[in-house]
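Asker: Can you build the whole structure from these sequences, using the hints too?
Here the protein sequences come in this chain order: A and B. Residue numbering for the first sequence is 35 to 286, as defined by the working numbering. Residue numbering for the second sequence is 35 to 286, as defined by the working numbering.
It should be emphasised that the hints constitute simulated quantities derived from the structure, not laboratory data. Keep in mind it's a predicted model, so treat the numbers as computed, not measured. Treat each hint with caution, since some may be false.
A pair holds if it fits inside one copy or across any two, identical chains being indistinguishable in the list.
[What the hints assert, rightly or not] Distance condition first, Cα-Cα at most 20 Å in a straight line; then the derived SDA-like pairs of lysine to any residue:
(1) Lys125 - Ala215
(2) Lys205 - Arg109
(3) Lys36 - Leu73
(4) Lys125 - Gly138
(5) Lys36 - Ser150
(6) Lys205 - Ala279
(7) Lys36 - Lys70
(8) Lys36 - Ala69
(9) Lys70 - Asp212
(10) Lys70 - Phe152
(11) Lys70 - Arg37
2 protein chains.
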Amino acid sequence: MKRIESLRRGLQVMQLLRDEAPLSLAALARRSGLAKATLLRILVTLEDSGHARRGLGDGLWHAAGPVAEETDPDRRLTQVCGPLLDQLCQKVLWPSDVGVYHGGSIRVLETSRRVSPFLVNRVVNYGIHVLPSAMGRAVLAWASDADRAQILADLRNSAEPHDRLAAHPDKVEELIGDTRARGYAVRHPGYFVTVPREALVSAIAVPVMVQERAIAAVNLSWVASAQSEADFATAHLERLQQVAADIARAYA
Amino acid sequence: MKRIESLRRGLQVMQLLRDEAPLSLAALARRSGLAKATLLRILVTLEDSGHARRGLGDGLWHAAGPVAEETDPDRRLTQVCGPLLDQLCQKVLWPSDVGVYHGGSIRVLETSRRVSPFLVNRVVNYGIHVLPSAMGRAVLAWASDADRAQILADLRNSAEPHDRLAAHPDKVEELIGDTRARGYAVRHPGYFVTVPREALVSAIAVPVMVQERAIAAVNLSWVASAQSEADFATAHLERLQQVAADIARAYA
DNA sequence: ACCTGTGTTTCACTGTGTGAAACAACCCAC
DNA sequence: GTGGGTTGTTTCACACAGTGAAACACAGGT
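Answerer: What follows is the structure in structure tokens.
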């Protein structure tokens with residue numbers, strides 16, 4: 035009985051992705067021996083059915099199971115938020131990220147920086163600080179009581195200067211109160227994770243709420259000189275909140 | 035960007051299999067709208083890469099992940115033993131089954147009866163009794179001490195006449211001793227799970243050993259009038275044990 | 001004995017997938 | 001800045017691979 039060569043190739047690529055995690059198109063072409071054009075068409079086909087996804091941030095190809103059966107929570111979140119971040123960036127033009135709290139800092143799962151026409155900051159930020167960043171503040175402000183206590187406990191154990199504010203409960207309370215009253219979180223004006231000498235970058239963030247818990251945060255960054263925070267918020271906040279809700283729904 | 039129609043179809047079939055469990059070729063043809071010939075070639079291609087498997091017993095198509103990542107232990111076992119049972123049946127001609135102990139009886143996971151030219155017994159046996167069946171005896175005789183105690187405890191709670199022997203520890207000990215001494219288990223001559231008036235059917239069975247535990251048993255059945263138990267054992271026992279070892283290796 | 005359903009095989013056609021090559025964007029080194 | 005070497009993307013003509021209809025065999029059931 036004859037086999038379908040085309041399908042065989044596709045499955046072989048799936049296998050390759052499963053084994054050797056994130057791979058660039060060229061790397062895939064080398065390992066599989068297929069022409070790049072062929073490979074690309076295979077990949078987009080796989081992507082359509084949810085068996086592969088392209089990282090917005092790194093541009094690499096990742097393995098992915100159809101969303102329902104993905105077990106690792108972070109990976110599931112990464113998977114569902116990819117297309118939504120992309121879509122948002124198409125409309126707003128400014129880039130945004132999705133981050134989760136983990137062990138004292140915010141980890142960025144996915145970002146649309148590469149898709150954005152503006153080069154806000156190119157460095158991939160690992161370990162964003164909770165208290166001065168927009169995403170961190172959003173997570174903290176809308177966290178459940180237990181989660182918030184855990185986060186603050188973590189931060190008090192930290193030696194980082196940026197986490198030092200956690201020792202002052204009144205200041206933290208005030209920060210949380212302001213944020214909740216405003217409806218969104220803002221980055222501390224003096225906080226630069228990237229190269230210091232850049233143009234001043236602002237950011238707003240909202241939480242991704244699942245079952246009364248803030249499981250993650252989405253932000254939007256822009257260069258402060260282009261637009262005031264108030265203007266930017268009135269222009270894009272609603273859309274950002276919509277995206278957060280979409281992520282939550284797709285994730286749950 | 036164009037998609038690969040052929041690959042798309044294949045993935046769609048995969049999805050169908052994932053959703054609606056075991057499906058016949060005709061049923062698949064109806065749901066997918068593809069021609070049966072096309073479908074068959076898709077299925078064998080999927081089978082090659084371990085994404086689908088055809089049940090030897092029911093002839094239906096099942097969903098399957100590549101063996102390594104399958105989580106449910108019974109399903110993994112079913113997957114790996116399929117081809118091996120098939121292969122064995124090609125050489126021995128007589129059919130065989132693989133069964134696991136579960137809650138007081140032996141459940142048949144896979145069988146090569148349909149592949150065998152001899153119609154030994156057509157009824158799919160659910161809930162085979164432990165003490166009079168070859169597979170049950172094999173599992174019991176080579177079980178770990180803890181497992182054996184559990185099995186016997188289960189059986190003593192049963193109301194089934196076939197399980198009554200469990201109340202007599204000396205008889206059970208003797209049965210186990212004989213079986214281990216012989217090196218394989220035999221069916222109790224008077225035990226018929228199928229229609230009673232059939233030609234007399236004999237069976238021998240050996241355990242599938244993984245990490246010192248009997249996780250399952252494989253048997254071979256034949257009509258007693260064709261060959262004596264001794265002759266049959268000398269002819270096929272070695273091969274049967276080889277298959278049991280192969281299953282264990284593939285499973286572990 | 002019939003019929004309806006299955007799974008399997010064959011076969012001609014055309015539509016589809018293929019890879020080479022040309023292309024554009026990018027990064028890095030010098 | 002300028003160039004070489006990446007990378008990802010697109011185009012294109014050709015061959016061949018995949019397709020579905022149909023004819024086939026084999027079962028089970030009434």
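Asker: Any hints from earlier that this structure breaks? Give me their numbers in increasing order, please.
Answerer: Hints 1, 2, 4, 5, 6, 9 and 10 are the ones this structure does not satisfy, whereas the remaining hints hold.
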